[in-house]
Structures are given as C-alpha cells and as structure tokens.
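Chains as they are written, first to last, in my numbering: chain A, 55 to 165; chain B, 528 to 640.
Chain B is nowhere near these chain A residues, computed Cβ spacing over 12 Å in every case:
#, residue
1, Val66
2, Gln71
3, Leu132
Calculated lysine-lysine pairs in the DSSO-like style (CA-CA distance at most 27 Å, straight line):
#, chain 1, residue 1, chain 2, residue 2
4, B, Lys563, B, Lys594
5, B, Lys563, A, Lys111
6, B, Lys563, A, Lys63
Beta-carbon label-pair distances, calculated as ranges:
#, chain 1, residue 1, chain 2, residue 2, range
7, A, Gly57, B, Asp585, 19 to 27 Å
8, A, Ser72, B, Lys595, 49 to 57 Å
9, B, Asn593, A, Ser72, 42 to 50 Å
10, A, Pro93, B, Asp585, 26 to 34 Å
11, A, Thr69, B, His598, 42 to 50 Å
12, A, Gly70, B, Lys594, 47 to 55 Å
Since the hints were derived computationally from the structure, they do not count as laboratory data. C-beta atoms are modelled at their ideal positions from N, C-alpha and C, and glycine is treated no differently.
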Amino acid sequence: NAGVTQTPKFQVLKTGQSMTLQCAQDMNHNSMYWYRQDPGMGLRLIYYSASEGTTDKGEVPNGYNVSRLNKREFSLRLESAAPSQTSVYFCASASSGNEQFFGPGTRLTVL
Amino acid sequence: GEDVEQSLFLSVREGDSSVINCTYTDSSSTYLYWYKQEPGAGLQLLTYIFSNMDMKQDQRLTVLLNKKDKHLSLRIADTQTGDSAIYFCAEKGNSGGSYIPTFGRGTSLIVHP
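One chain only, chain A, in its complex shape (with noise of 0.2 Å):
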C-alpha cells in the first residue's frame, strides 16, 4: 500500500513554461485534492474532485487546471507558470471519513 505518491518531488520552470504535477492513490478514496503551502500560510486548497468525474475550485484555483483521470488519479497542470507559483504543492485523499491522507510534496520553483 503506496499510500499517495506525487510526482516529481523537486521541479524547476522558467516563467511561461508549462507543466503537470502527478498524484495517485491507492487506497480506493473517492475524494482527492491540490493544496499549496507556502510559508507562513498554511495549506490553501487549489481544487478538490469530490468522487470521480467532478472537479470544483478550491480558495486559490487562478493560474491552475486539474484532470480527475480515474479515481485513481487527480493532476494539477500549470500551463504558464509564474515566479508567484513557486510553492510546495501537496495531493491528498479522503474516503467519506475523518481523515485526509497526504503525499510527500513537489517543491516547484518557478524563475
């Protein structure tokens, strides 16, 4: 049991490029999300898919757009990043309930 895995783990982008931020899990979970942290500001949620096939916008979606693939799978894709989008992003997961699973992080530094 993997748990959620992100990928890449470390990833570093000129202004204006583009890319995609990979989460899965494997523990059936209907619900997954995008947060970033930055610090001094705790999590803010970037969107969240509540069950496969839905997507909806979270505090800070601007600048970002997901793709729930499966249930599975939930990626996060910036398709013209901005040095204010230098961040450690965070995917999680959720089945209906108490607890939110985290994966390990991409820092993402954006020149």
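Guided by the hints, dock chain B onto chain A, whose structure is given.
Chain B in isolation, oriented as in the chain A frame:
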C-alpha cells in the same frame, strides 16, 4: 466563512509539556483534527476529536475541546526532540457532501535540549 487560528511558533525544553492552542469559528464543526508535518514531508493525522467530546487522550497526547469558546488544544507530555514539527489544527464543518476541512496556518514546535 470558517476560520481557524493558531499561533505560529512554540519553543519548549526537552522533557517539558507543550500546549498548542487553536480557535475556530464554525459552530457546526463536527470533527476537529491535529495534523503533524515533519520537515520535508506531508501532513499526517495525529489525532481527532468529535465535537460532542471534551477530552481525548492517546499516550502522550491530550486533546481538550471547549465547544462554548470554540477552543481546541493539543498537549504533548514529556516533549522530545522528535516532536519538533509543524502542527496544524483543522476543522470539518457539517456541510454534508464533500469533505473539505479548514486548516490553520500551523504552529512550529521547536524542542531544545
């Protein structure tokens, strides 16, 4: 909207007790959580408490909930250097449908010898 507040830093000596405090605004909160984030890692659930409970104890951890004041605390007894981490308070409201917790900004616990 919902808001969860916690202080940003706490420094304690090894062996002492640590108390991390949190306040929240959503009176319909059904569950309240404490997550721990170690350096370079994601968050892991430490413990949670139902809103109809006042206290929950789990080994060195004690969670106290004052629902009237919307105040949650996490006490770590005999704090060790391995407890150094960021601790996040989170609450889940009774909105039904999707499970979307609201997180505080996190308290960095620094344990020194």
